[in-house]
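These are the residues of each chain, in order.
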Amino acid sequence: MKKVTAKKVTTMMSCEQFELSGLDVDRADAQPEEAAAATEHAANCARCFAMLESWRELKQDLRLLQEHTRLESAPARVEMRLKQELRTRREARVPRSTVAVATWALAAAAALAAAIGWMHWRDGISRHTDTAPPQVAAVAQVNPEPTLDASLLTADYDTGDFTQLPGSMPTASSDESVLQARVQRGALVQFGLPVAPEQATEWVDVDFLVGEDGQPLAVRLHQDASSEAVTQ
Amino acid sequence: MKILDEKEPALLKRAVRGDEQAFLALYQKHQTPLYRYALRMTGSPWAAEEVVQEVFLLLIREPQKFQPDRGELGAFLFGVTRNRVMKHLERLPREDSLDAINANGTTWREPEDPLTPMMIAEKSERIEQVREAVLGLPAEFREAVVLCELEEMSYEEAAQACGCPVGTIRSRLHRGRALLLAKLELLRDAPRRASAGAR
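Note that the protein sequences, when read in sequence, are chains U and H.
Numbered by my numbering, the letters in the first sequence go through residues 1073 to 1304 in order.
Numbered by my numbering, the letters in the second sequence go through residues 3 to 201 in order.
What the hints contain is simulated information worked out from the structure, not anything from laboratory work.
Note that the Cβ used here is the ideal one computed from N, Cα and C, for glycine as well.
A portion of the hints provided could be inaccurate.
Below, computed lysine-lysine pairings styled on PhoX-like, alpha-carbon distance capped at 25 Å [said to hold, decoys possible]: (1) U:1155 to H:67; (2) U:1155 to H:185; (3) U:1155 to H:125; (4) H:185 to U:1131; (5) H:9 to U:1131; (6) U:1155 to H:31; (7) H:67 to H:15.
Derived contacts from chain H toward chain U, CB cut-off under 8 Å, selection only [as the list claims (entries may be wrong)]: (8) 59; (9) 125; (10) 127.
Using the sequences and the accompanying hints, generate a full structural model.
Below is the structure:
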């Protein structure tokens, strides 16, 4: 069947067809039928045979050129330039990553410092709440006598004795007067007396010993007005 | 040895991250056919060198342009090389011919041949003539001749490389062959005619 087809093609090949595909006879990927037809045509046509011979001669020259340039490759300097480019890009990338790492590290350190600071602040708040009221701290700042005895800061209850207020000097003058007042315990802070925050809103009867200049010198609390003494 | 077994996309990823060995493995595998193609098409070692350098620089700088799902790295690199060569040819139709000095500054490598000096001279002359004739072809015919005759690609491979149908490649090759035959006939007949005229 195949032979018949090949014969058909052979008989049908013209000079124009030979010009188009006849020079492919020696190619590895040439169609066997076409190659057979072209060979047949060249054998019977002097003009096409001459063309095929010329082409085969040219093909040999092309082969020479091919062999001559087969080993050609890019010069070594191209490889060097490309390696240099690769290194430059790598080096450029390293600082960028270092900066990124440093930024993250700084951010993490700042966050850690903020967290620690916040924890300390929280601890400080709770400690102040448990032990000393913030007002005391304020008083301590206002009153520059940290060596005062704690007993001086305690207002006695109805013992008949006045408790010297911090910062006032004992006097033997007979011009003092007693001023009775009902105040919130928190108000005693302004006289330098310590007040527990939970008792600051309690009402208490107080006797103030006021000097001739009108300044309170000592204080005395009435026991029935409060449930508990103010202590530091 | 291990690096040669690695697949090209993996090698390329490593190369882009700065792995010199991976890059060199890719470069050494592909540069020779690309350079040869550029040299045969442009006829200028300098242009071929520049083209190959630009192609690999593109691979370093814009590796994302190569998409493995769209084809092999070799085909991608050839496509880029072809574009650069065509641009070069458009800009400078014919810069200079292949001369006896190649890009390395050394003379063309003459294979050791047991030929007489006369035969060597004749062979060199034939090579020079055919080189001139190939370089004198219009770019698309030249490309068909370079790919199908010098690079020994099949019609299908050449068509794929050029991004055109097989019929186009066959047609261009047919025209290229005809022009080459005519040019070489002229070149070779001229001395014969001259010597006949002298007699």
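Hint check, failures only: Per hint list: 2, 3, 5 and 10 violated.
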